[in-house]
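Protein chains: 2
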Amino acid sequence: MKTEANSAPRRLKDTLYEHFARIGKATSSPKRLEMLDLLCQGEKSVEELALHAQIDCKNASAHLKVLSASRLVTARREGKRVFYSVADDSVCDYWLATRTMAEKRFAEIDRVVKCYFDDRETMVAYDRDVLLGKARRKEIVVLDVRPRSEYDRAHLPHARSVPIDELERCIASLPRNKQIVAYCRGPYCVLSHQASTMLRERGFDVLRLPDGVLEWQNAGLPLATSSSSLSSKE
Amino acid sequence: MKTEANSAPRRLKDTLYEHFARIGKATSSPKRLEMLDLLCQGEKSVEELALHAQIDCKNASAHLKVLSASRLVTARREGKRVFYSVADDSVCDYWLATRTMAEKRFAEIDRVVKCYFDDRETMVAYDRDVLLGKARRKEIVVLDVRPRSEYDRAHLPHARSVPIDELERCIASLPRNKQIVAYCRGPYCVLSHQASTMLRERGFDVLRLPDGVLEWQNAGLPLATSSSSLSSKE
DNA sequence: CAAACATTCTAATGAACAATAGAATGTTGG
DNA sequence: CCAACATTCTATTGTTCATTAGAATGTTTG
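Line by line, the protein sequences are chains F and D.
To convert, count from 1 in the first sequence and add 165; that's the numbering used here.
To convert, count from 1 in the second sequence and add 165; that's the numbering used here.
It cannot be assumed that every hint is accurate.
Since the list gives no way to pick one copy over another, a pair counts as held whenever it fits inside one copy or between any two copies.
[Claimed, not checked] Lysine to aspartate or glutamate pairs mimicking EDC-like chemistry, simulated, CA-CA at most 16 Å apart: (1) Lys223 x Glu212; (2) Lys245 x Glu213; (3) Lys269 x Asp254; (4) Lys223 x Glu213; (5) Lys269 x Asp253; (6) Lys245 x Asp317; (7) Lys343 x Glu304.
No lab work stands behind these hints: they were computed from the structure.
Owing to the predicted nature of the structure, the values given are computational and were not obtained by experimental measurement.
Produce the complete structure using the sequences and hints provided.
Below you can see the structure in the form of structure tokens.
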């Protein structure tokens, strides 16, 4: 049933590829990937993850156990809840690499995304460093519409945190004489799209940035955290 | 049975993560990874792949069909045989990224490899660019002990092709007054280790380089192909 | 066109896995 | 210590997947 030719190099290879395959097994379920993607934005409880992925807690817990067994995530208990987070930055790099390759290899991903969002004309058209300059000179307002905890962990330089469900309330405080650029978790996240649509209806000059912090960082640009509003790098 | 909350964003996410999970599914089998790894060195027939992975052709063919359905590899027919190759360089990048993360996250990979090879004192200790300099000035002889076809596709600059099964025959042509550096497919390939052991027994001054062409290229260093013995870059 | 060969397709079996529900664990607050 | 809660563990069921063997396809050679 197993390999009969049990030479030493064969045993070595079998062991090694068995280990590598664990990564594949862990990332072979859509729901697990959805949770991993979310975890790349920051620590989350089982409950939050289950809610986002639209599965029940039991099921989410089981999936998280698989991710955890593959060393992709780690758990930390805080009172009643357990918080999961990515085991290390190399996991985010890996996830981004996977996504990038998948986008390149599967034309249908691009197609389905383009078809869903369909807002090429209201997307940021200039380069990331141009955007960074505009933001630094306060010519535009960069809006992070993710939950505050994700903003706190890492956000684009000079970005202001306005979680999507506070947007309605904060709308009066947004400038009407400046361009607004909204971003969220990345090219597949719907939050910035929702924000952009809503603000446009109210007459704001608003563009959507398809980047998230992962994409931004991957482009070699600096991030900021809540403690220091601007990263020391760059 | 499927997701009841069939909102549009949910459908989008389901579609996207379903696609990403295809990559995971394809890379969840050790044998498939072994073949993919080999394909990163160059085009191979089903037969060759089956031989290397020590499975029968039927099984190999089935696995290759899975890799092919996930767009990781492509097939080309030439006469009786079908040759598979990686679909594009991003697949090699992806594979290297996966391997790198797995090495970082699984201490046991390192352990099992160290235990198997156990030749730290006879491994190249200087940097890659130092090696490149020594090779260029002909102070050392760099030996590519992989099959000739893999050498032809890409090899380290100034490397000489001496496939492992021709080594015995070529041994007289190797210099005894220079250091020899042998490399093969990468840190887990046994070929360079075999070559190094064999040459040391014959009294040669030989070191093993754990790099393969993937690792070398990933370090930002140039490669050569058979047509031009030295890459145009750098 | 027939024989030889490499590969793929089809079907069947057994193992691994996702989803689900119920029981158990561990933590907080009274 | 008990009640409420989040999470995990256990057991069950249906599905998917790897492997195997036999039939079929496609290609070359005589």
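Evaluation of the provided hints:
Taking the closest pair of Cα atoms, Lys223 and Glu212 come within 16 Å of each other only inside a single copy of the chain (10 Å); across copies the shortest separation is 45 Å, beyond that limit. Taking the shortest alpha-carbon separations for Lys245 and Glu213, only the intra-copy value of 14 Å comes in at or below 16 Å, while the best inter-copy value is 55 Å. In this assembly of identical chains, the alpha carbons of Lys269 and Asp254 lie at most 16 Å apart only when taken from different copies (11 Å versus 23 Å within one copy). When the C-alpha separation of Lys223 and Glu213 is checked against a cutoff of 16 Å, the pair qualifies only within one copy, where the shortest distance is 13 Å, while the shortest distance between copies is 45 Å.
For a Cα distance limit of 16 Å, the shortest separation of Lys269 from Asp253 across copies, 9 Å, qualifies, whereas the shortest one inside one copy, 25 Å, does not. For the homomeric pair Lys245 and Asp317, neither the shortest alpha-carbon distance inside one copy (23 Å) nor that between copies (60 Å) is at most 16 Å. Taking the closest pair of Cα atoms, Lys343 and Glu304 come within 16 Å of each other only inside a single copy of the chain (6 Å); across copies the shortest separation is 64 Å, beyond that limit.
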